[in-house]
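Based on the hints, put chain B in the right spot on chain A.
As they're listed, the protein sequences go chains A and B.
Residue numbering for the first sequence follows the numbering used here, beginning at 1 and increasing consecutively.
Residue numbering for the second sequence follows the numbering used here, beginning at 1 and increasing consecutively.
Hints were generated in silico from the structure; no laboratory data involved.
Since we're looking at a predicted model, the values are computed, not measured.
Check the hints yourself; a few may be wrong.
Derived pair list, reagent style SDA-like, types lysine to any residue, alpha-carbon separation capped at 20 Å [what the hints assert, rightly or not]:
hint: 1; chain 1: B; residue 1: K81; chain 2: A; residue 2: A27
hint: 2; chain 1: B; residue 1: K97; chain 2: B; residue 2: L25
hint: 3; chain 1: B; residue 1: K113; chain 2: A; residue 2: R142
Below, each chain spelled out in residue letters.
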Amino acid sequence: MNPTEIQERLGQRLGASLECGGAGADAFVIVPAERWLEAARALREGEGLDFDYLRSLTAVDRPAEGKIDVAAHLFSYKRRHALTLKTRLDRAAPRIASLGAVWPAAHWHERELWEMFGVAIENHPDLRHLLLPEDWPGHPLRKDYAMPERYQGIPTRRPAPLAEPAAGTGPTNTGPKNPPEAP
Amino acid sequence: MSDVLVERGPEGTVAVGAIDRMLNLCREHSLWYLLFGTACCAIELMQTGGPRTDADRFGMVFRSTPRQADVMILAGTISYKMASRIRRLYDQMADYKYVISMGSCANTGGLFKDSYAVVQGGDLIVPVDVYLPGCPPRPESLLEGLMLIQQKIEREPWLSRVRGKIPPPKDPWPEGSRCP
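Excised from the complex, chain A in its bound form:
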C-alpha cells in the first residue's frame, strides 16, 4: 500500500481529516494527542494496514513553538510499508497515552521519552528511568537543559589541561604563517 492510501485509510478509520506529509519511507501523519492511542490501534489492526512493528518512538523539542513533537516510526512486515505517526504536545505539560497495549516494545521507548523530554506517559506499567541514574535531575534532551554543576558530589566539568594560555604568557608561534606574511 502506498503512503497516500495509508494516510487516507487512517483518516477514514478515525473519521477525521488528518495533516499528512512526506513521501515514500518518510510519509507521516499528525494526529491530535488525545487520539494517539486510537490512531495507533487503527494502524495496528486496520484492514490492509497491519503495522506490526514499532521501529522507534522518539520526540523533538521545539521551544520556539512551545511544542514537543512525538514521532512513532512504524513498519509492517506483513505489507512491507512504513509510516511515521506524529503528534504535537504542549511543551509546558506534555502528556500522552502509552502505546504499550498496542506494541509492548513501546514501554522502554516511553521510559526514555519520559526521562529525556519529560513527557508524562499515561497508563505505563513501569515508569522508571531507563538510561539515566534514578535520581537524575531534569530532562537532558530538552533544548534549554542546564547541566548541574555536580552530581552526587562528582563535578560534571573538568578544566581543559591544554586550555589556551592568557595572551603574552604562553609560547609564541614561530612557525610559518598562513597566509604568509609579506617580506
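Same frame as chain A, but now just chain B:
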C-alpha cells in the same frame, strides 16, 4: 637485588634482606586484576589476558570478584549511572588496591566531554595510579600500565603502609559527599 645478601650455610642457602622487598616481590608478581569493563576498552583488556599478550606470564590473572582482586582497570566510558557501581566494586576490593585508568574516556571523559551522561574522568570517583592514553590503548600499552603498577609496588614501604604510617591515597569521592 643488590641489597640482598645470599649466604650458603650448613643447612642450605640463606638470603638476608629487607622484609619489605620480599613481601613486595610476592605482591607484584601476583597482580590479579578485576575482570570488569565499562565500554569498548574492555575488548583490549580481553586481548591483554589472551594468549598473544599473555599477561599471565607476569602473574597477572583476572579475577571475577573484587574480593580477590588487587587492580581495577577502568576500561572504557563511565556513565553517571555506573559511577556508584564502580565505587562499590572499588570499596569491596581488599586493601592495598591499585587503579589503572584505561583510555581517553576513563582519563578525562574523552570524546564525551560536555555529555550529560558521562563522568569526566575516572579519577573523580576512585583514586587512579596509572593513566593510559589511547582510544583504545593497545594491549601492549595496558601491559605496560600493569608493569608500572609492579614498579610502584616494588618501591612501596609495604610494612610501614600496613601499620598506617603512610596515609592511603586521597579519596576523590569521600563517603560524605555520596548519596546512598
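We went through each hint and held it up to the structure:
1. In summary, the hint linking K81 (chain B) to A27 (chain A) is not supported, as the alpha carbons are separated by about 37 Å, beyond the 20 Å threshold.
2. Between K97 (chain B) and L25 (chain B) the alpha-carbon distance is near 16 Å, which keeps this suggested pair within the 20 Å criterion.
3. Distance check on the hinted pair: K113 (chain B) and R142 (chain A) sit about 18 Å apart at the alpha-carbon level, within 20 Å; holds.
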